[in-house]
Each structure stands twice: as C-alpha cells, then as structure tokens.
Amino acid sequence: MEKFTTLTATLVAIPTENIDTDQIIPARFLKVTDKAGLGDNLFCDWRYQADGTPKPDFVLNTERGKKAKILLAGDNFGCGSSREHAPWAIMGYGFQAVISTSFADIFRNNSLKLGLLPIAVDKETHLQLLSLVEEEPTTQISIDLQNQAVVLPDGRAVNFPIDNFSKTCILKGVDQLGYLQGHAAAIEAYEANHADRVNTLAR
Amino acid sequence: MSTNKTPQTLFEKIWQQHVVAAEPGNPTVLYIDLHLVHEVTSPQAFTGLRQKGLKVRHPGKTMATMDHGIPTTPPDVPITDELVIKQINQLETNCQEFGIPLHGIHSPNRGIVHVIGPELGLTQPGMTIVCGDSHTSTHGAFGTLAFGIGTSEVEHVLATQCLLQTKPQTYAVKVEGTLGQGVSAKDIILNLISRIGIGGGTGYVFEYLGSAIRALSMEERMTVCNMSIEGGARAGMIAPDEITFEYLAGRPAAPKGKAWETAINQWFALPTDDGATFDQEITIDANTLEPMITYGTNPGMGMPISGLIPDPDAIKDVSERQTLMKALQYMGLQAGQPLLGQPIDVVFLGSCTNSRLSDLRVAAQLVKGRKVAETVRFMVVPGSQQVKLQAEAEGLDKIFKEAGAEWREAGCSMCIAMNGDQLQPGQYAVSTSNRNFEGRQGKGGRTFLASPLTAVAAAVTGKVTDVRTLL
Ligand code: SF4
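Chains A and B, in that order, are what the protein sequence lines are. In case it helps, my numbering puts the first sequence at residues 1 to 203. In case it helps, my numbering puts the second sequence at residues 1001 to 1471.
Note that these hints are calculated values from the structure, not bench results. One should not assume that every hint holds.
Stated by the list, open to error - DSS-like mimics (lysine-lysine), calculated; alpha carbons at most 30 Å apart, straight line: (1) A:Lys-35 / B:Lys-1055; (2) A:Lys-172 / B:Lys-1052; (3) B:Lys-1326 / A:Lys-69; (4) B:Lys-1398 / A:Lys-35; (5) A:Lys-3 / B:Lys-1167; (6) B:Lys-1326 / A:Lys-55; (7) B:Lys-1368 / A:Lys-31; (8) B:Lys-1052 / A:Lys-35; (9) A:Lys-35 / A:Lys-123; (10) B:Lys-1443 / A:Lys-55; (11) A:Lys-67 / B:Lys-1443; (12) B:Lys-1326 / A:Lys-67; (13) B:Lys-1055 / A:Lys-3; (14) B:Lys-1167 / A:Lys-123; (15) A:Lys-31 / B:Lys-1326; (16) A:Lys-66 / B:Lys-1326; (17) B:Lys-1167 / A:Lys-172; (18) A:Lys-35 / B:Lys-1463; (19) A:Lys-69 / B:Lys-1443; (20) A:Lys-123 / B:Lys-1316; (21) B:Lys-1055 / A:Lys-31; (22) A:Lys-31 / B:Lys-1052; (23) B:Lys-1463 / B:Lys-1326.
What the hints assert, rightly or not - Over 12 Å on every C-beta distance to chain A, these chain B residues come out as not near it, computed from the model: (24) Ser-1107; (25) Gly-1442; (26) Leu-1471.
Stated by the list, open to error - Quick look at which bits of chain B chain A covers, simulated, 3 or more residues with Cβ under 8 Å: (27) 1021 to 1034; (28) 1086 to 1099; (29) 1148 to 1161; (30) 1196 to 1208; (31) 1374 to 1381; (32) 1407 to 1421.
Yeah, the Cβ is synthetic: ideal placement off N, Cα and C, and Gly gets one too.
Next up, chain A with everything else stripped away, as it sits in the complex (with noise of 0.2 Å):
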C-alpha cells in the first residue's frame, strides 16, 4: 500500500446517491485474475456510448476530470456487492480518495484496506463542495490525513471520520496483514483453546 499523508488537488463531481458498485464496475469487467486496466473501466455503463467510444461529456472523459484525485459522490457510496474490484478500478482511475456524506460499509472497509480514502462530510459541507466544483472547477482543496480534515479552498477545515487503526496503517503505508499475522501466538492459543468446538471443521 502507498503512504498517504496530505493530498492537494481538484475534484470532479458524480453527485448520485446510492452508486452501487455495478455502476462503479460492471460485473463483466470480473472476469479478471488481476488488478490491471480496471480503470479503463470505471463506471462504464455511464461513460461510454453503446458503440463503445468515450460520452464527450461524462466528466471522467475530460481533461480535468483525468487531473482530478479526489472524487465526490452522492449519499450511500458502494453500496451492493463486495467486490474489491470497485475500489481498484477508482484508484486505477487515479483517484485517491472519495468524498461523500455516507459509505457501504464493505466499500469502506476495502478502500481503507488499499488506502483509498473514504471521507463522509456532513451535508453542508458536500453541497459546498458540489458548487465549488461547478462554479470553480480547476479550485484545488487538501487533504490532511494526520489532522482527519479536509481544507476548503475558504481555509475552513472540515473534520472526517477514520478508525485509528486504518489511519495510522494508511499514514505509514503498511498493510492490516501484517497487523495479524503480529497475532500468531494469540491465533494458536484460541484454536487450542476451542479445539473442542463442535463446529471446527477438519484441522
């Protein structure tokens, strides 16, 4: 996983509510054994005409939205399956973190685990967001991860929500595996302990 610490940079909006992660990434587009080109992918069905070449228009097709590293999206992010495919194909795009005022709790935990960062902002705030990319697009805002606060372009700071744990993990850039595998001794000690459990399968 990349370190993440601050980010500044501009934005680009897709202000639906509910995008599930179908619409992030089709389910034909899982039929991968890797990570790569899913960004080339990303929200396909909304992107491209039926014949396959870029909608001119669909802000993931224009320049700005190329440069763009954080995304903002509408309430109740990733909503649907549980596929780890969503969060690679938005940081395949280049993006590095998505604002919204909620996420899918299965979206939020894989993006935390890749060290996308998923950052809810209360309402206010997102409309504010909204209409500083419509009337200011190239506006740049930042992110501080250490602080948990997004700084508006006012200066204003706005403080998100981040488990401790994700936070520092994401902050120096190691994988939660390792967190785990820390707990070897512990994990032997339960399985001894439970050894008897009716529901322990073949060992």
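Following the hints, position chain B with the ligand against chain A.
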C-alpha cells in the same frame, strides 16, 4: 453455558466466542470458522499469498466452488469465454497448490456458493462464516454470523483464519403474524428494504425475530437473510431452532452421533436471551403484507404489487427526488402508474435468493397446467447441481419444460449476467434475484425483483400480475 450474566443477543454470543484479541483502539481479531471461496473474488488473494510466500492456514476450513461465470448451458457445450476459462483454471490451480477442497466444474456438488454451503451441512449454528461475496449473509439463517468481505480480506482469512473487524451494532427486525396466501419470505425482505431503504441497515447486523420468522422453513429463512445486505446490513441472523436442526441432521458435513448431541446442546444456548437489547428495531405486520415488487434501480424502490409508482415531485429532498427521476427514466416508467399489467420480456427464476428446491416446487406447482406467454422467455436456473438433480427426480423439470420454460444448469446466471445469460437493452424482466441496479442483469436491461410466485405469474400472463388472482 451462559449462567446469570447480562442478557446477550445471538450476535453478541457468537461475536464473543470468536474474539481472538481485542486491543484498545484497534479492531478486534475475529476467528473465522468457515471460509467460502469462488472464482471471481479470489484470484488476486492467492496471488497476494504467493507474493508474500504464505500458506493457507486451514485449507480444511475453506471450501471453494465456481458459480459466477459458469455457463448454464448443457455440460457438453464447451465454454468459449476465454476469461471465464482462465478464472476456472486459476481456481483449480490455486486450490490444488494450497490444498483447498474444491467443488469444481464437473462436481455433482457444484453450485452457487451460498446454496451449497448449507446443502453440504458446512453451514452450522454458532459459526462465523465469510466469503468474498456480499450475499454471505444468507448463512445467517442458521444462527451464524456470516458476512461478505473484499479480496484483501479473503487473503487475510486464507493466511490467518482471522479477520480484523469493528463490532457492528444490532438491529431487531420483528415480523409478527401470519403471511397470507401468495405472500412469501421474499415479500418480507422486500418490504423491510422498501421501508428502511438500502442504507438503513448500514453499520448493523439484523436479527430477524417473531412468529412469522419462526414459521418459515430453512430455505425461506435463507431468502430473508440473503437480502440483508440490500438493506445495508452486512449480516442478518435467525436463531437456530428445531427447524434448523431438522434441516441439518444427516447432511454430509454435519456432526454425527455423540458429536451431534453435543452440538445440539451448544446450539440451544445461542438464541437471544430474554431481556437482551438491540440498538435499533422495527416491526413488520405479516398479516397485512402483500406480494412485493420493485419498480426502480435499487432494491429499496419496492412497493406492494397493487401499488402506484411514486411521484418524484412529491419528494422534498432534492437528491432523493433526482435519484427517483433517474431511476424511472432508466426503467422507462411513469410516476403515478401501476405496475400491474406492465408487459414483460424475460422471467428469471434463480439466484442465491430463490433457487432452492422449495422455490422450484412452489413455482412448478403454479406453472403446472399453464403455458409460458408467447412473448416471454422464462429461464429456470437451479441453485446447485444437487437442487437440479432433486428437482428432476421429482419431475419438476418436465413441468417447466412442458410449459415452455428453459431448464438450465446450476449457477449465478442472469443474477449477475457474467456468463452470457443476460437481458438485452430495454428488456423488462421479473427476477427472483436480489439486485435491480442499472445493467445488473445485462446492459440496459430493466429488472423488477419479486418472489418466485410473482415471477411465475408474470411468466404465464406475459405481464406483471398479482399472483393471488391465479391461486
Ligand atoms: S446468485 Fe447472484 S447474488 Fe448470489 S452469489 Fe451469485 S451473483 Fe451473487
């Protein structure tokens, strides 16, 4: 087991029994009893293991099958999709290399992962179960804590048999009363989601309680728990009881003899204690439930079959209004209109929500003596090869075929439209699956989610029909 301690919920008991470590400020290390693996969300996890030089900690607590991309055409028709072939081969190689039991392409036990787990008796009360698939919630019907995980987490569980988890909150869904004729388990869950919305359960684990839930068979309970995720909850659970034990007894992986007795005793201690509290609750009156159907592009956009499509103009919240407008535009539907009478192109009976033997039986009973409407393609896709065999032994396949339906091999099929089974742009389908997102069943396809009964009613009349008029 539990003496006079604070009353606990089913969820809390299972959670507590699986805590390996809980350091303050960090997520809990939770032990996983059963890990189900399929071809689509696992390849990158195995690659991760290889790159790190890791082994699978407990191949015996892991079970793999292939379901998502597998064609449902007869077994002698070769698979042509190169990408699907690659995923199949990869899973075979991975299982072989890491010693994981696999119900592969030719296994008589192959099927949708959430159908075969229970069928084989692997799913047992009190367990923690995960799978790289959000409908893992299905297994909660047995009084397990079962939820979907991403591929990074698949790797974590393969390597350590554990998962890092933050404790969710609990949500009691009480369903009291008796379901009317033509109303089924699917209608309970569609009703719940239409009320709380698709984000209503985010951060929670549902426990379904009440007389209407206790009266359901195991297969019906699985239908309810299956769609917990459509309400935003990663898991949904139902306390085990005699119905659960009867279903499990004698299944291949179920405990036998003395172990069975011990198991039953342990399982009896699982149900939520009197006086235990939940963080949130809702009550549904089963007596007044009607068959449900969705009209929009998420499972929360549902209504009683006789209802009228809601009017965006009546919604105050701007973004909610826009969401509904966008949905109706995609669906090609008018606000204020009924769905009854809406012509249908395809009917899909299948998916991990409704593809078990009882679903096929109920559907076949209604199909019997009727014909599929000329304008309709009716696909019947059993959830597993075992379901298919049993249905054929009962002659259900003949009933479907005589009526003009397609009787196909087991798999996820048009639920996710990865295997070639899909809607054409603009087509309308009544589907017994769980997701009606844009393009879910094929690019441009439009899905109405409903119960197997409502699906058959549409298949034989060619339009959205209240099944109660056919009973
Ligand atoms: S049937 Fe559908 S929802 Fe169930 S596991 Fe397969 S693709 Fe997922």
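So, going through the hints one by one against the coordinates:
1. A:Lys-35 / B:Lys-1055: Roughly 21 Å separates the two Cα atoms, so the pair holds.
2. A:Lys-172 / B:Lys-1052: Distance of about 19 Å is within 30 Å: holds.
3. B:Lys-1326 / A:Lys-69: Since the Cα atoms of B:Lys-1326 and A:Lys-69 sit roughly 27 Å apart, the hinted pair holds (cutoff 30 Å).
4. B:Lys-1398 / A:Lys-35: violated, 44 Å
5. A:Lys-3 / B:Lys-1167: Given pair A:Lys-3, B:Lys-1167 holds - Cα atoms ~26 Å apart, limit 30 Å.
6. B:Lys-1326 / A:Lys-55: holds, 18 Å
7. B:Lys-1368 / A:Lys-31: violated, 38 Å
8. B:Lys-1052 / A:Lys-35: holds, 17 Å
9. A:Lys-35 / A:Lys-123: violated, 33 Å
10. B:Lys-1443 / A:Lys-55: holds, 16 Å
11. A:Lys-67 / B:Lys-1443: Between A:Lys-67 and B:Lys-1443 the Cα gap is close to 29 Å, so the pair holds against 30 Å.
12. B:Lys-1326 / A:Lys-67: OK: B:Lys-1326 and A:Lys-67 at ~28 Å, within 30 Å.
13. B:Lys-1055 / A:Lys-3: holds, 27 Å
14. B:Lys-1167 / A:Lys-123: Roughly 26 Å separates the two Cα atoms, so the pair holds.
15. A:Lys-31 / B:Lys-1326: holds, 29 Å
16. A:Lys-66 / B:Lys-1326: Roughly 26 Å separates the two Cα atoms, so the pair holds.
17. B:Lys-1167 / A:Lys-172: Holds, at roughly 24 Å.
18. A:Lys-35 / B:Lys-1463: violated, 42 Å
19. A:Lys-69 / B:Lys-1443: holds, 28 Å
20. A:Lys-123 / B:Lys-1316: Holds. A:Lys-123 to B:Lys-1316 sits at ~15 Å (cutoff 30 Å).
21. B:Lys-1055 / A:Lys-31: holds, 25 Å
22. A:Lys-31 / B:Lys-1052: holds, 24 Å
23. B:Lys-1463 / B:Lys-1326: With a Cα-Cα distance of about 23 Å, the restraint between B:Lys-1463 and B:Lys-1326 holds, given a limit of 30 Å.
24. Ser-1107: holds, 18 Å
25. Gly-1442: Check fails; 9 Å does not lie beyond 12 Å.
26. Leu-1471: holds, 34 Å
27. 1021 to 1034: holds (count 8)
28. 1086 to 1099: As far as the region 1086 to 1099 of chain B goes, the hint holds, because 3 residues have Cβ atoms under 8 Å from chain A.
29. 1148 to 1161: holds (count 11)
30. 1196 to 1208: holds (count 4)
31. 1374 to 1381: Violated, because only 0 residues of the region 1374 to 1381 of chain B bring their Cβ atoms closer than 8 Å to Cβ atoms of chain A.
32. 1407 to 1421: holds (count 3)
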